[in-house]
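A.B. asks: Guided by the hints, dock chain B onto chain A, whose structure is given.
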Amino acid sequence: MKQLLSGNEAMALGAYHAGVVAAAAYPGTPSTEILENLARFDGIYVEWSTNEKVALEVAMGAAYGGVRALASMKHVGLNVAADPFFAASTTGIMGGLVVISCDDPGEHSSQGEQDNRHLAKFAKVPMLEPTDSQEAYDLMDWAFKISEEFDTPVLFRSTTRISHCKTVVDVTRGRKADLKPPAFIRSPAKYVMVPSNARPRRNAMEDRIVKLRTYVESFPMNEMILQDRKLGIVTSGVAYQHAREVFKNASFLKLVTTYPLPVNLIRQFATKVERIVVVEELDPYLEEELRCLGIPVIGKEFIPIIGEFTPEIVEQGAIKVGLLPAPSKPSHKLATPAPQLPMRRPQLCAGCPHVGTEYVLRKLCFKDSKVPGPIKEDEIIVTSDIGCYTLGVYPPLGALDTCACMGASIGQAIGLEKAKVPNKVVAVLGDSTFMHSGITGLVDAVYNQANITVIILDNGTTAMTGHQGHPGTGVSAKGEKATMVKLEKLVEGLGVKDVHELNAFDLKAIESTLKHCLNTKEPSVIISRAPCPLSVRATATPYKVNADDCTSCNNCLDLGCPAISISDDKAVIDASTCQGCSICAQVCPQEAIVKAG
Amino acid sequence: MKDVDVLMVGVGGQGVILASDAMSEIGMNSGYDVKKTDSLGMAQRGGSVVSHVRWGKHVFSPMVKRGEADFLIGFEQLEAARWAQYLKPGGVVIVADVVVIPISIIGSKVTYPSWKDIEGILNQYTDKIYLIPAPRIAQEVGNPRAINMVILGFLSEFLELEQGAWTENIRRKLPAKFLESSLRAFSRGVEEAKAMRLAKGVVK
Chain A
73 MKQLLSGNEA MALGAYHAGV VAAAAYPGTP STEILENLAR FDGIYVEWST NEKVALEVAM
133 GAAYGGVRAL ASMKHVGLNV AADPFFAAST TGIMGGLVVI SCDDPGEHSS QGEQDNRHLA
193 KFAKVPMLEP TDSQEAYDLM DWAFKISEEF DTPVLFRSTT RISHCKTVVD VTRGRKADLK
253 PPAFIRSPAK YVMVPSNARP RRNAMEDRIV KLRTYVESFP MNEMILQDRK LGIVTSGVAY
313 QHAREVFKNA SFLKLVTTYP LPVNLIRQFA TKVERIVVVE ELDPYLEEEL RCLGIPVIGK
373 EFIPIIGEFT PEIVEQGAIK VGLLPAPSKP SHKLATPAPQ LPMRRPQLCA GCPHVGTEYV
433 LRKLCFKDSK VPGPIKEDEI IVTSDIGCYT LGVYPPLGAL DTCACMGASI GQAIGLEKAK
493 VPNKVVAVLG DSTFMHSGIT GLVDAVYNQA NITVIILDNG TTAMTGHQGH PGTGVSAKGE
553 KATMVKLEKL VEGLGVKDVH ELNAFDLKAI ESTLKHCLNT KEPSVIISRA PCPLSVRATA
613 TPYKVNADDC TSCNNCLDLG CPAISISDDK AVIDASTCQG CSICAQVCPQ EAIVKAG
Chain B
919 MKDVDVLMVG VGGQGVILAS DAMSEIGMNS GYDVKKTDSL GMAQRGGSVV SHVRWGKHVF
979 SPMVKRGEAD FLIGFEQLEA ARWAQYLKPG GVVIVADVVV IPISIIGSKV TYPSWKDIEG
1039 ILNQYTDKIY LIPAPRIAQE VGNPRAINMV ILGFLSEFLE LEQGAWTENI RRKLPAKFLE
1099 SSLRAFSRGV EEAKAMRLAK GVVK
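Protein chains in written order, with my numbering: chain A, 73 to 669; chain B, 919 to 1122.
Just chain A, same shape as in the assembly:
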C-alpha cells in the first residue's frame, strides 16, 4: 500500500514492522516524531527518557534482554549518549539495537552543526543512511538484521531533510511475527567491562568490522547507476537526491552503507567513469575515504562544508568548477533588486510564562548597559540553556548571556562564581532540561557551596519540540498517567535550602524573590511556574488598552508580546491573540491596560 510518509514516520513504521519491542528517546528536532509515531503502535514499550544517555541505556538494556530495541535522538543528543554508545559497541548486544541520529545541517533548530557520520567510525559501529522515506522504511529492517548478525549496535543516520520530508512509501510488510521472547543470558565476559573482559571485546570489535567490510560489498541497497560515463558522482543521504536533480545525465554511486564503506564497489565504480566527484553535506567524510583509496576526487573544492544543501547550492558549485555549463541566460530579468523585507524572528508566544521572568531578568541583571560590551559590577550575569526561553536573547527582552547545551547554565554559573568574577550569577533553565541534565549541576552547586541562583522556568512540558512529557509532567509517552516527579521536592532533596515556588505571571513576586536570593550566601532555586499556553488553552479574559490613558511610553512593547502592536502611536492589544496573562497590565505605568469586558 502506498503512503506518503515523512522520514521519521517511515523509520518508526520500519522499526515497528521489524519487530522493535522497546524504544526510548529524548525529544530533539529533527528526531522527535520518531518516538511520537512509535508511541501510536500497540505491543511495544516506548518512553520519553530523562535524556539521551538514559534513552540509549534503556534501549541497550532491552537489547541485552534479547529483544529488538531502538533509541532516537538529534545529533547533539548523541554527544550526551556517546558514553553508552561506545560501551554498547564494546559489549555488543543480544537483540538488535538501532541508534538513530538525526543531524541538522544548517542548524534549523540546533545550537550547532556536526556530522555524526564520524561517530560511527569513531565507535566502530556500522552505519546506514537512507536517501528518502522508502529507504528509511526498508533500511530499518536491515539495520536490525545487521545488528543481530554482527553483534553490534547500528547507527541509523538521518538529516533534517530526510526526517522532515514526505515521500511515497510502498509499505510491503506487516509486523514481524516470529519475535524472540525476552531472555537474558548471563555472560560476564560480554557484559561486564572490567579491563580483563574489555580487552578481548576490543578484538571482537575489530573482527566485526573486517566481516562487515565484506558484507557491505554486496549490500543490495547500495546502487550504481551508469549513465554518461564522463562524470561519476559518489553520494549518500539527501545529497543524492539533489545531485540527481542537478546532474541529470551523470553516473551515480549511491551509498547507504556509509560505515564501513564498500571499498571494492567504489573502486569498481571508479574504473567505469572518467572522473569522480563526491557530493555530500557537511564534512568531507566520503571524500577523505576515497582519497585514502588513492582515487582522485573533488568534493569540498566546489561544494560547501557548512550548512544544508539545496539543489541550487549543488548546481552553483558545479557551474563554478565547470562540471555543468553556465546558464545561457539568467532565469529572471530583475528591474530592481528586491528591497530589504522585514524579517520574522522566532518569538515567544502571547501568554508565554517565560516572558515575565525574562522581563524581570532584563530589568535587574542587564539594566541599561550596552550589549555586547563589558559588564558593570552591579549587573548580573544570566547563564541559560536550551528551550523556548532561549528566544529571550532577542530584543526586546535581550535577557540572556549564554546558551551552550542542555543543563549547562548551572555548571557555567558555578564556574563564573568560583572564578571570582565580580558579578552575581543567575542560571536559567527549563523544567525539561533541568530533568535532562540540570540535576547533576545543581547537586554540584550544593556540594561545592556555589553562591548562585537557579531559576527553573516550569511550563509543565517540553514545549519547543512540541509538548512531550517529562518526569515533571506526570504523563507518559503514550499519553497515560505516570508518576509525577515534583520539582520542589527534588530540589530540596538535592540539598537546596532556599527554594521558592512562584506564579510566572506575578512580576512583583519574581522581582522581590530574585532580589532576596541574590543577597543570600548559598545556592537558591526559584521555580517560576505557569503552563505553556499552547498546551493548556487559556480561559482568562483578554486585556485591552484604554487609548485615552495610554501615554505612548511603549513599556509594554518591551515584552515582545505578539498580541501588542502600535496604532496611531498608541498601544493596541489584539483580543484574538491575547491570552489574558496580565503581564502587560503589570508593566503599564499608567494603568491603561485593563481587562476587556
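What the hints contain is simulated information worked out from the structure, not anything from laboratory work. Incorrect hints may have been included.
Stated by the list, open to error - Result set (EDC-like, lysine to aspartate or glutamate): computed pairs, CA atoms no more than 16 angstroms apart in a straight line:
#, chain 1, residue 1, chain 2, residue 2
1, B, 983, A, 387
2, A, 569, A, 594
3, B, 1027, A, 641
4, A, 642, A, 620
5, B, 983, A, 384
6, B, 983, A, 317
7, B, 1027, A, 640
8, B, 1006, A, 384
Small disclaimer: the values here were computed from a predicted structure and weren't measured.
C.D. replies: Same frame as chain A, but now just chain B:
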C-alpha cells in the same frame, strides 16, 4: 500528466502545513510521484513557514529550485514577496489578503510594505498575480480558520485534477465539526478563481 512545483509560504499557525500535506496526498492518489518538505524555524507561532510540494513522474530533490516554481502560494502578503524569487518566469502567484505584522518592526521605523510594493516585487517575475479575499470568504462560510481551504480551492482550478480528488482528501483529513464549512470554503475558492480568471480573460 504535467509536473507541478509549488511553494506554499506563510506564518506559523496559518495552516500552511495542513494545506501542503493535503496537496501532496492528492498528487500521490492521482498517480504522481510526490515529495514535500517544510522549513519552520524554531518558533511554534509567528515565524516564516515554507512548504515545497513537488508532483512529477519521478521526483528527486524534495526542494523546488529558485526560479522554477509553477505556483507561489502566499498565505500572507509579506511572505509571498519574500519568496518571489522562487517563481519561474510567468508562474502563477496566489496571495491571500492577509497581513501579519512581524513583531520585530512594531514600534520601529521599519514599515510593512503596501500591497502595491509587494505587487511590484512579484511583478518582476510574473504578471499572473491573484490577490484573493480568502479571510472574507472564510468568514462568510462561518469558519475563519478555513483560509487554507479557500486557497486550495482557488489553486485546484489551475491544475489538471478532478475536483473530486481534492474534496475526497479534505473529507478524510478534517474532523466532522469543520468539514461542512471547509468544503464550502473550498468551493468558494473554486468560484473565486473562475470569476477572477474570467475577468482577466484567461480561458482554462
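A.B. asks: All the hints need checking, so say for each whether the structure fits it.
C.D. replies: Results of checking the hints against the structure:
Between residue 983/B and residue 387/A the CA atoms are separated by roughly 10 angstroms; this keeps the pair inside 16 angstroms, and the hint holds. For the hint pairing residue 569/A with residue 594/A, the CA-to-CA distance comes to about 8 angstroms; that is within 16 angstroms, so the pair holds. Our distance criterion of 16 angstroms between C-alpha atoms is met by residue 1027/B and residue 641/A, whose separation comes to about 12 angstroms. As the CA atoms of residue 642/A and residue 620/A are separated by approximately 9 angstroms, the hinted pair is consistent with the 16 angstroms bound.
About 6 angstroms separates the Cα atoms of residue 983/B and residue 384/A, which keeps this hinted pair within 16 angstroms; it holds. Under the criterion of a C-alpha separation no larger than 16 angstroms, the hint pairing residue 983/B with residue 317/A is consistent with the structure, at around 10 angstroms. Distance hint between residue 1027/B and residue 640/A is fulfilled; the C-alpha atoms sit about 14 angstroms from each other, no more than 16 angstroms. The suggested pairing of residue 1006/B with residue 384/A holds, with an alpha-carbon distance near 14 angstroms, which does not exceed 16 angstroms.
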